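K.L.:
Each chain is listed here by its residues.
Number of protein chains: 4
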Amino acid sequence: MAQESKQKLWGGRFSKGSAVLLDRFNASIPFDYKLWKYDINGSLAHSFMLHKIGILDSDELESIHQGLKQIALEIENGEFEFKLEDEDIHMAIESALINKIGDVGKKLHTARSRNDQVALDFRLYVKDKIKGLQGRIIELMSVLLDLASRHTESIMPGMTHLQHAQPINFGFHLVCWSENLRRDFKRLQSSYERNDYLPLGVGALAGTPYGNDREFLAKTLGFSAPTLNAMDSVSDRDFALDLLYDIAMLLMHISRFAEELVLWSTCEFGFVSISDSYATGSSIMPQKKNPDVPELLRAKSGRAYGNLISLLTTMKALPFAYNKDTQEDKEVVFNSVENAEISLEILKEVMQTLKINTRAMEQAAKKGHLCATDLADYLVREAKIPFREAHHITGQIVAMAEEKGCDISELSLDEVMSFNDRIKVDVLEVLSLKNSMNARTSLGGTASKNTKDQIEYLKEWIKNVRN
Amino acid sequence: MAQESKQKLWGGRFSKGSAVLLDRFNASIPFDYKLWKYDINGSLAHSFMLHKIGILDSDELESIHQGLKQIALEIENGEFEFKLEDEDIHMAIESALINKIGDVGKKLHTARSRNDQVALDFRLYVKDKIKGLQGRIIELMSVLLDLASRHTESIMPGMTHLQHAQPINFGFHLVCWSENLRRDFKRLQSSYERNDYLPLGVGALAGTPYGNDREFLAKTLGFSAPTLNAMDSVSDRDFALDLLYDIAMLLMHISRFAEELVLWSTCEFGFVSISDSYATGSSIMPQKKNPDVPELLRAKSGRAYGNLISLLTTMKALPFAYNKDTQEDKEVVFNSVENAEISLEILKEVMQTLKINTRAMEQAAKKGHLCATDLADYLVREAKIPFREAHHITGQIVAMAEEKGCDISELSLDEVMSFNDRIKVDVLEVLSLKNSMNARTSLGGTASKNTKDQIEYLKEWIKNVRN
Amino acid sequence: MAQESKQKLWGGRFSKGSAVLLDRFNASIPFDYKLWKYDINGSLAHSFMLHKIGILDSDELESIHQGLKQIALEIENGEFEFKLEDEDIHMAIESALINKIGDVGKKLHTARSRNDQVALDFRLYVKDKIKGLQGRIIELMSVLLDLASRHTESIMPGMTHLQHAQPINFGFHLVCWSENLRRDFKRLQSSYERNDYLPLGVGALAGTPYGNDREFLAKTLGFSAPTLNAMDSVSDRDFALDLLYDIAMLLMHISRFAEELVLWSTCEFGFVSISDSYATGSSIMPQKKNPDVPELLRAKSGRAYGNLISLLTTMKALPFAYNKDTQEDKEVVFNSVENAEISLEILKEVMQTLKINTRAMEQAAKKGHLCATDLADYLVREAKIPFREAHHITGQIVAMAEEKGCDISELSLDEVMSFNDRIKVDVLEVLSLKNSMNARTSLGGTASKNTKDQIEYLKEWIKNVRN
Amino acid sequence: MAQESKQKLWGGRFSKGSAVLLDRFNASIPFDYKLWKYDINGSLAHSFMLHKIGILDSDELESIHQGLKQIALEIENGEFEFKLEDEDIHMAIESALINKIGDVGKKLHTARSRNDQVALDFRLYVKDKIKGLQGRIIELMSVLLDLASRHTESIMPGMTHLQHAQPINFGFHLVCWSENLRRDFKRLQSSYERNDYLPLGVGALAGTPYGNDREFLAKTLGFSAPTLNAMDSVSDRDFALDLLYDIAMLLMHISRFAEELVLWSTCEFGFVSISDSYATGSSIMPQKKNPDVPELLRAKSGRAYGNLISLLTTMKALPFAYNKDTQEDKEVVFNSVENAEISLEILKEVMQTLKINTRAMEQAAKKGHLCATDLADYLVREAKIPFREAHHITGQIVAMAEEKGCDISELSLDEVMSFNDRIKVDVLEVLSLKNSMNARTSLGGTASKNTKDQIEYLKEWIKNVRN
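Residue numbers (our numbering), protein chains in the order written: chain P, 648 to 1114; chain W, 648 to 1114; chain X, 648 to 1114; chain L, 648 to 1114.
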């Protein structure tokens, strides 16, 4: 015989109590206790509304408020006992309220259902966290842009295919990172707005007969408007999926930054050095200094992708309206949010304390014929050769340099001029790294001046967003 | 010795030709040929720009235009040969152009790179397809809302946990579906706007020294503005991922509709009957009529999720700027787009030809004590019992009915009244399915009148969106 | 200035201490404490080995054993304090050991590294859990087969496309479920065997100079053999991925069983009734009895898929050998294992207490022309008509029955015989559900006798596996 | 009015023909035509069996064989027209057969269904492809081991966290790669064996009444045995999922190798140089030589993961038995298989033509204090210091070297000895890279001798596997 749990609030029609194993499998309170603040705020708003439409009188309202506030205090102080048999945070708080204030507490659940209640709580959580993540993104961007401002003249090899391609400055590279983050900010913003609708007050799936004032609830709880359709309100988890996707993208971007930090920290690259405060050692190899933080940042994309797939899978082919399956929405969102928060925080610290080795960057830029494109462009401009041909001639000059084991900038003028008789001594100018970088003045280009403009634009954007 | 392929346009520095196996592995032309129209449009705009900044004279411009248009014609007529050794659509068209118009053709690639070119082509494709998908969503919504309009009085059992819960009307259910689609529309819209930036003209990763006019290009090609940072422009695939996610969500929603169509078509439910034109038979069982279309629609979410994970995985931890890895972005996007397009189209047809069995729906609604919540609400309202207690009493009435093998509406008045002495004869009114449904008049509720309001609101929204 | 954490055991070369934020981000002890028992067992074996090769003398060995056992006791009794600044369970136990027994404790880490230590602990965990899951699978299969034994004559509609197809018995259906579980068992077994290699003793990545006896370690710790290559031993996480996949498959199978339980519990199907002990109610609708357990079981596939994708993503493109990224392997494996364990356990309970409504099943089987294939087969056999044509004729008989609103078995003999003059009165025999079911006697068929054979075979298989 | 397609073989009960749009959405022939050879082989075996049990006489058998063989020839020669309205390869071939040989052709489908037929064809494909992939894995391993044999003395820095850790040889590193592949081989093998069961002859889901001889079929078609349960046989797609997972793992491993090839090809590492035959250039930068092949190999893991998730998603919560959803199983398996095949092939070529720069590897090994662990081990051994303390002292020696900007091996003897008075002149021996490497002689270690043993072991294993 299965061990029985305590009698449930919904147990009127049941002849047997729940098995304890059921509680262990079914209960969400081990994780959804995190929603307590949102649940209490939702209940406060709901009780105001019940008072407004005449279901609670002023004394009852007062009594419920006192009860809820006391419960909030107990939870905050760690004095509240979350019990498995209460199933979820909603039942836990409702039970506690009834215990505290008696029969009046039993009126609170009028004109709502757990279905709309949990949708409300979770949306409030998601809205809150989006705002928090946006704030952290802005903070990280600010750190990156400050660093970028100091490095608009620091030449490094710009890479494609991880091969040296063209000379850029480090500031320009950081602007690229920032642009990724700016899209993350905007993506969160559109998720916020698309889902900023109040589900509370639709009951189980079909609305209620109490004439509840959902406009009032939306206003009180800070939503743009109530949802349009009751059944959709309890079935929809788009708001959670959108956040999971936004975080997957954010952590994908961060995995790219992290990969670069790992590479740049290698002995071979040596472009940066992570502060001892954010590096770790080895239990066996005494010389090791490991970039654990970027490595973990890189890895966190895994959880974020997995969390997204988890909920997408769970939602696949679910019939309407509410199904218990959707209870699986919370743990994955909590995990993604917490990973995103700490990732943004620690990456900011790492960047703030990062030592940039500009000399190593510049040395590296001297390898790999970085000015080859400039040479081809020179041939187009000065020798009036079509680009495709100029490209081919330059390729052959590179081949000669490779054979001699030097950079094209180290070939003699004679050697270079031997390839085409319109090449003049001014070709030397295009073979300078600095000139090459500063020549790229087209909109979005890497020239120091352009990079500064980009930084300025983004700082201005941040200022606007912050207001 | 590996078999050699033809000499490449970029082969100046290479001492050996490409292996044929390399072409087979590396070439994207077996799929990216689909971008041909966007590639030619991009090149047309680019040549106008080159003319504007003095790199092409009017004759050269004219010659390039003639060449490109001829190529477009050949492709359209199926006369153009796509060859593996041309690697990709960009090289195929550039090669053909040079073949056709000679050396002038070699000037076209001035001030751009394949990196920004492919980013442009793919963004043009994505923008185009988003608009197309939005159109199809609107068409499907229109069909659903027309059907909904005809069924605002057709009672069916509203379900939670796939158990009968409360009476709703079929129109209300379809509004729920529509709301899912409306979010899909909005999600696509925000993806469109967030990514509506022109990458062309940033060169390989760092900008160009030609002073190319990217504002002009943006305007010509219909982008809101040029991208801010060159390196980001060639590394970013957010626009593709956003679309993959949008389609994953769309097909997730459709998998839910499809699951319901499958259920409703069963012998057990019998709520709907799919038109013979959109059903299939069995090779062995002569009596079978199978809902293949909803089943495949349900399954298509799989590909959409997989495509999303594919590109997310590919992008994980990629260093900047361009890497060959990103070539894997296209096939998955093409597949998701094509699946989404045909899914929307065929679902629209299925719904348009669907036979609704309203009698079966109503019969079903008579089972499962659908008015139990109304009874509890009655006790709250008339007997002044707190909801939690009213719920418990009703649960016991249900238990009695279950024991007798009938619905609570089939219990005698005496039996019902025996549970509480404030229950009066007017309790019968709340035990009517129609009354129960029409009592749910709160905003978003299922009452016929409310459902009509919701339909009206959505039709108005569509009208606005269409303009 | 970042707040500093405590001095690390590996901190010799570091000029600054770790930031507290680093501990919070980096430490794995909040979850890897679960490995404590495996870590201690690994250390016990390692110390025996160190003694065997002369690095520890007998007193040192004894002292280390006492220390480790004491720590084990403290952890078991909840007296051991897990501290974030200890980073992971390995360092926590090593630190505690040094605290307890002094300098001798510092010798324990000779000839090993955290890299091989964590690989060992995690493999021991995985091996243990595989055995546990296999046991639970066998238990569930036993319950299913017992139930199947009692229902080899209980006719129900076999379905394809969720449409009635051919009559089967419920026992046969449960054998199908069991076969899925049997593959899960075998899949776990092959994962176990493929990964049953000891990583301990390979040091950081390259082996050690101490001449450690890894054969001895393998034997002591119950592995089939030591790993072949040191670098692989610390980089490989296949054993974890294999388990994640095995569980994804197991929970996918269970999601299919669960879907059927949800369907069968609906008002429309009514084939089964879940025990009140494993069902739940609604907070608002007093009549509801919800199949929460099957719904959650169905949903759990989501987490399992997500966990698999998480680690696959993390491992993508990781260079050799050990990287911190792999720390992300544990939480997802723990979650999948725990979900699988409780899912198997509760599904077993649900099935053991499930009420089977055989009358409803049989009633259902009477709808949907289940004997149509038999009729076609009759035409092949008796009227010598090729199957493809027999199929067509039967299709037309079905169409007539549909038009009349009855099952083909309810048509008059005259009506049936009107379609072909070789149809005789004995056609009635093939239109009986029981005859139809029992006619399917080919190997694997649904005839009661065959079903019993299948059950017998599986019971025998279980007996062999248990020994 | 929807446009109508041609009359279907299963259309007896249908009053309207299929819509053309249905064919376009529903038909699998655009991809499952790839199964034609397996379908014909399956039908040949099935007809032998039908003859054996007396359903076909010898003339009929002969006629069917002639027809099928002719169809095979036509397909092979590209003369067979695959038409959308034939839906799938099974119907296409059956239709063609009936066209060719008349009514006898209509007998072929006796005692089977498309459900078992497609399961058979797809299993035959999967079995075939597994064998092919195993062969390619062995070929790649052979190339790696040959290369390894030539580099057991080539010192390079072994890395953890991408930081120099301990000296290893390049051969040892390649053995690590090989071990990954060996597990892939074994994983495929266990998938093969676990799924080596014949589904043919179970009919739609419940068996057949024809007494078909499935043992005979299994033997004829090369399966270990027939499946146990008919319903399972048509519902099960584990064999496809297992292969998708096996390939996801294989391509994950290859993504790790590829990442290393990309890194090693950088200007910064310079450890290897990819043959010009397998590298590519840039359309704009004439100097570029890009590792496109490793980059694409790295990216292919994305598709493999996505394909796995696709089918896992599709199978989630599918009720038994066959559903149309499972049609989505094929395209993803085809794609994964083809990617895996060409990836193995081209990686083999790249490795065979790879230039190894042993000088650069050895130069790199001189940086990063690679002998620090040896120094700590020396302190343990010679100075009898517990490892934990020896680690700390060595850390401080490293810190001194770092400050002086040199490797610890470049410190003066006096400087090293100043840290502990038991350090003697023989400490110099442990600071030699070669000595350090060759000291790691524990089983699995990197000492040249050990590496050779590992290579020998694997070559022997290959020899056994090939037989």
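Calculated directly from the structure, the hints in this document are not laboratory data.
Don't take every hint at face value.
Said to hold, decoys possible - Sample of chain P residues with no beta-carbon within 12 Å of chain L, all distances over it, derived: (1) Glu707; (2) Arg783; (3) Glu906; (4) Leu910; (5) Ile931; (6) Lys935; (7) Lys936; (8) Ile989; (9) Thr1020; (10) Glu1076.
Claimed, not checked - In silico SDA-like cross-links for lysine to any residue, where the CA-CA straight-line distance does not exceed 20 Å: (11) X:Lys1051 x W:Gly701; (12) X:Lys833 x L:Ser837; (13) W:Lys833 x P:Lys655; (14) P:Lys655 x W:Gly701; (15) L:Lys1031 x X:Lys1051; (16) P:Lys1031 x W:Asn1004; (17) P:Lys1014 x L:Ala1007.
The model shown is predicted, which means the values in this text are computed figures rather than measured ones.
Glycine included, every Cβ here is placed at the ideal spot set by N, Cα and C.
K.L.:
Would you mind marking each hint as holding or not holding in the structure?
P.N.:
The hints, checked one at a time:
With a closest Cβ-Cβ approach of about 44 Å to chain L, Glu707 of chain P is found to remain outside the 12 Å limit, as its non-interface label requires. Against the 12 Å criterion, Arg783 of chain P stays outside the reach of chain L, whose nearest CB is about 26 Å from its own CB. The beta carbon of Glu906 of chain P sits about 10 Å from the closest Cβ of chain L, which is not more than 12 Å, so the claim that it is off the interface is violated. With a least CB separation of 7 Å from chain L, Leu910 of chain P falls inside the 12 Å interface cut-off, contrary to its annotation.
With 12 Å as the threshold on Cβ separation, the claim that Ile931 of chain P sits away from chain L is violated: the shortest Cβ distance comes to roughly 6 Å. Against chain L, the non-interface label of Lys935 of chain P is violated: not every CB pair exceeds 12 Å, the least being about 6 Å. Under the 12 Å C-beta cut-off, the non-interface status given to Lys936 of chain P relative to chain L is violated; the minimum distance is some 7 Å. Every C-beta of chain L lies more than 12 Å from that of Ile989 of chain P, the closest at about 20 Å, which supports listing it as non-interface.
For Thr1020 of chain P, the shortest C-beta to C-beta distance to chain L comes to about 5 Å, within the 12 Å cut-off, and the non-interface label is violated. For Glu1076 of chain P, the non-interface assignment is confirmed: its Cβ lies about 18 Å from the closest Cβ of chain L, beyond the 12 Å cut-off. Only pairs whose Cα atoms come within 20 Å are accepted, and Lys1051 of chain X paired with Gly701 of chain W is rejected, the gap being roughly 81 Å. Of the supplied pair hints, the one linking Lys833 of chain X and Ser837 of chain L holds, its CA atoms being roughly 9 Å apart against a limit of 20 Å.
Restraint check for Lys833 of chain W and Lys655 of chain P: the C-alpha separation of about 41 Å exceeds 20 Å, so the hint is violated. For the proposed pair Lys655 of chain P and Gly701 of chain W, the alpha carbon gap of about 81 Å is over 20 Å, so the pair is violated. Under the criterion of a C-alpha separation no larger than 20 Å, the hint pairing Lys1031 of chain L with Lys1051 of chain X is inconsistent with the structure, at around 97 Å. Taken as a hint, the Lys1031 of chain P and Asn1004 of chain W pair is broken in the structure, with Cα atoms around 77 Å apart against an allowance of 20 Å.
This hinted pair checks out: Lys1014 of chain P and Ala1007 of chain L have alpha carbons roughly 15 Å apart, not beyond 20 Å.
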